[in-house]
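Keeping their order, the protein sequence lines are chains A and B.
Note that the working numbering numbers the first sequence so that position 162 is 187, with each residue one more than the last.
Note that the working numbering numbers the second sequence so that position 219 is 226, with each residue one more than the last.
Be aware that one or more of the hints could be misleading.
[Unchecked claim] Pairs of lysine-lysine residues, derived as DSS-like cross-links and limited to a Cα-Cα distance of at most 27 Å, are as follows:
no. : chain 1 : residue 1 : chain 2 : residue 2
1   : B       : Lys40     : A       : Lys116
2   : A       : Lys268    : A       : Lys214
3   : B       : Lys320    : A       : Lys116
4   : B       : Lys142    : B       : Lys171
No lab work stands behind these hints, which were simulated from the structure alone.
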Amino acid sequence: MREITFQKALEEAVAEEMRRDPRVITMGTDFTGDPIKEFGAARVRFTPISEAVLTGMGLGAAGCGVRPIVNWRMVTFSFVAMDQVVNQASKIRYMFGGQADFPVTYRCSTGGGIGLAAQHSQSPYSMWMHLAGLKIILPSTPADAKGLLKSAIRDNNPVVSFECSRLATLTGPVPDGDHVVPIGVAEVKRTGTDVTIVALAYYVGESLAVADELAREGVSSEVLDPRTLVPMDVETLRASVQKTGRLVIVDEAPATCSAAAEIAALIVEDPDTFRALKAPVRRVCAMPVPVPYSPPLEQAALPSRDDIKAAVHGVLKESR
Amino acid sequence: MTLDKAPLVQMLRTMILIREFDERAIQLRLGGKIYGAVHPYVGQEAVAVGVCAQLSVTDRVTSTHRGHGHCIAKGADIRRMMAELFGRVDGYCKGKGGSMHIADFAVGMLGANGIVGGGLPIACGAALAGQLEGKSAVTVCFFGDGAAAEGEFHESLNIASLWKLPLVFVCENNQYAANNPVGVQHPRVDIAAHAAAYDMPGVVVDGNDVLAVHAATEDAVRRARAGEGPSLLECKTYRWHFHAMRAARPPETRPAEEIASWKAADPIARLEQHMVGRALLSPDELRTLRDRVTAALDEAVAFADASPFPDPKDLMADMFAQ
Chain A
26 MREITFQKAL EEAVAEEMRR DPRVITMGTD FTGDPIKEFG AARVRFTPIS EAVLTGMGLG
86 AAGCGVRPIV NWRMVTFSFV AMDQVVNQAS KIRYMFGGQA DFPVTYRCST GGGIGLAAQH
146 SQSPYSMWMH LAGLKIILPS TPADAKGLLK SAIRDNNPVV SFECSRLATL TGPVPDGDHV
206 VPIGVAEVKR TGTDVTIVAL AYYVGESLAV ADELAREGVS SEVLDPRTLV PMDVETLRAS
266 VQKTGRLVIV DEAPATCSAA AEIAALIVED PDTFRALKAP VRRVCAMPVP VPYSPPLEQA
326 ALPSRDDIKA AVHGVLKESR
Chain B
8 MTLDKAPLVQ MLRTMILIRE FDERAIQLRL GGKIYGAVHP YVGQEAVAVG VCAQLSVTDR
68 VTSTHRGHGH CIAKGADIRR MMAELFGRVD GYCKGKGGSM HIADFAVGML GANGIVGGGL
128 PIACGAALAG QLEGKSAVTV CFFGDGAAAE GEFHESLNIA SLWKLPLVFV CENNQYAANN
188 PVGVQHPRVD IAAHAAAYDM PGVVVDGNDV LAVHAATEDA VRRARAGEGP SLLECKTYRW
248 HFHAMRAARP PETRPAEEIA SWKAADPIAR LEQHMVGRAL LSPDELRTLR DRVTAALDEA
308 VAFADASPFP DPKDLMADMF AQ
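Chain B on its own, in the form it takes in the complex:
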């Protein structure tokens, strides 16, 4: 299906917002406004955006340690995201979770996760809830190539297929599990190949082509909604930055040519070219769009900075439900 202008502009805007959010997060971490670890999603924007464009607010996603992109693509409010990164009370988790435990259940974003593979079983549970509800809600489980070496990955694919859960497994193969290349992790670097063992479709997608991701997700989501069970999409992509940073950027250890070749396949530039080629985007429109993203981020940072830190007297609040 050829998308018309409005959804393409929306996808482009979200991809740029994700990239600029994380570029901003890096600067804010260096500036001491954000604490702990930052895992930038820069370079992988087409995956979150292409997938989530096929979902509605009643659908659910689980995320990873590199979760800002999934949050934004699923419709979370960047002001409350930024406030969470700042450790403030207006953050999604009242400052108790931070980047690696950000969640917005109201839009079906069931949480980032600091444990590689940890979100897969939770996604199966969300999909089971969707199946029991009978309203054809779908769950998307985002995870990385590293998670495919975890036992939880195999347990999850097995039971999801066995029970025909309305679930789409989306592997973001960004070529590195933490700092080790996929070839060190897996005898076969196509994670999608595992799908055959669990009797579900497994598809390799160009994860830097948002339109390809969007189209592949459409098939998988349709299958899930129809009660035909899960699919595994492997989106080949690349993170432009480090695995994680704390107070300083870690040194780059990957080959310069490799980085350059993936940057040449920039998912945002490719969507822009597609739209320009179809005369759907003028330079003025692009400039306006980028200006609006910058303004939205400025507002998010101001919102976060104006939000108070949590009161230590609330330390024990939220431990248990009544």
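So here's chain A without its partners, still in its complex pose:
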């Protein structure tokens, strides 16, 4: 199987979907390569830096039969378009009684760890999860990035594609041909029996590395990647925790009202899963501060492999 970067996988997804469906267009302030050469200037739109109008245009065009991809670049810029995301995109289908579909994909990079400081190191997945009307994908490998983004573009709803900055240069195998990963399906990235580690984006790879270390100590970890945050594959999460009886959740967003908080609630509010728990649930998340610039401070703010390992040791020790 070929190995390509996460970034290249995302670009392939867009190009393949534009080839597949002439209704797909893409809008952003810049593009890799020269997509206008293949798809023309009508479908590849260089835009002014106007996030609010781009977000709403994607929605309006989608309601009229176009399938736009709007690239916010960084999720932080999407906050300029808060009205169009919160008041319009997440509510438009429902409040109009389902009389039209809005197949628009919003792409953005997320996360810290690359020295971009407070504004450009955010992981606000849970803000968008809270809105109830947006689907949300968050891949951790090049193959999932390609397959999920293709599904997002084919989906008939607004979908937000969170693309982790630290993964952009990660290389991995991607199947040839029309590789599609369904939205709403989690994946067990490693099977184990002692503890379930649910990790998001960059921290899937980190958790797999920690699982290798733990295996040498005789601890068997199951690493699970939700891949999609809305809709969340609750059944797969609960089945894993029912098997292992222990849960550690790893994400680089701060813990307060986070995806990690939601996952913890989905686990403990289910009677069967709650009864299977042998230890309190642990979250390994960012510290509740704006992500600082200086490398030692940034590292201190974000979860580390040591933090993950310590959390696993913690739930093992606290077990009944």
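Following the hints, position chain B against chain A.
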């Protein structure tokens, strides 16, 4: 162009229907049949009607929180509108949207909007779709003077002009953004002046003269259909009633003389006078027309009242498309 009798009668009928629909909505809100907020369009009828008379069913409009007039002028069914206001299943949004989220995509009415300025970017998207379709469909974006102070207004005018979108921006300057007069909102009260900065025509129109609105829209729509890009029409008008009401009418805070002077320029009376002056409308015809509007509204209210409330089991339906 001088319009002959049939289109003038049609415009007059639609203006009267819009006015009476909203007068009825106020009474129904006071009577507890309608919930939430009502934003009456009374006084501004010439804008929606003059503009929409230049559009076909394949053209599109976006609307505002004060959207009943745009809905009716674009050809929506007042029975389904009323059912929506009543919160019933036969409403346009199955009772899920209400007055501020009413829409009829089948006639190109892409939605009222509870956010000032929120419809402008969506209108740009509809116009982009029209441009990509290549069938010369035009989008009209209705918004108020208040929206011109929003960032979305400026982003939208900029990109619409840059991309020569087939779009007509129609500012209904009704002199108040919510309850604050335009002078408190803008250093310059001619919203049309913004057009120059975005390299598009900007025209101030007497928004209480349906024929003037109709003529100005004709130029803007022709330009949009020809691929020459957007225009900004500013229609000076006035809302006769409050900004919004809930359970009771809010107290009037505007000067009595101001209200009286605008009522003296009643857009419906002016069209009637124009038609009477050209011997196109007799008192009998006017009476018949008004009776028919009343009957249509009675029927709409009966339709709404007969429609069931939504079943709570359908709460989660329509969240996501398949």
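Here's how the hints hold up against the structure:
Simply put, Lys40 of chain B and Lys116 of chain A have alpha-carbon atoms about 25 Å apart, close enough for the 27 Å limit, and the pair holds. Only pairs whose Cα atoms come within 27 Å are accepted, and Lys268 of chain A paired with Lys214 of chain A is accepted, the gap being roughly 15 Å. This hinted pair checks out: Lys320 of chain B and Lys116 of chain A have alpha carbons roughly 19 Å apart, not beyond 27 Å. Of the pairs offered as hints, the one joining Lys142 of chain B and Lys171 of chain B holds, with about 15 Å between alpha carbons and a cut-off of 27 Å not exceeded.
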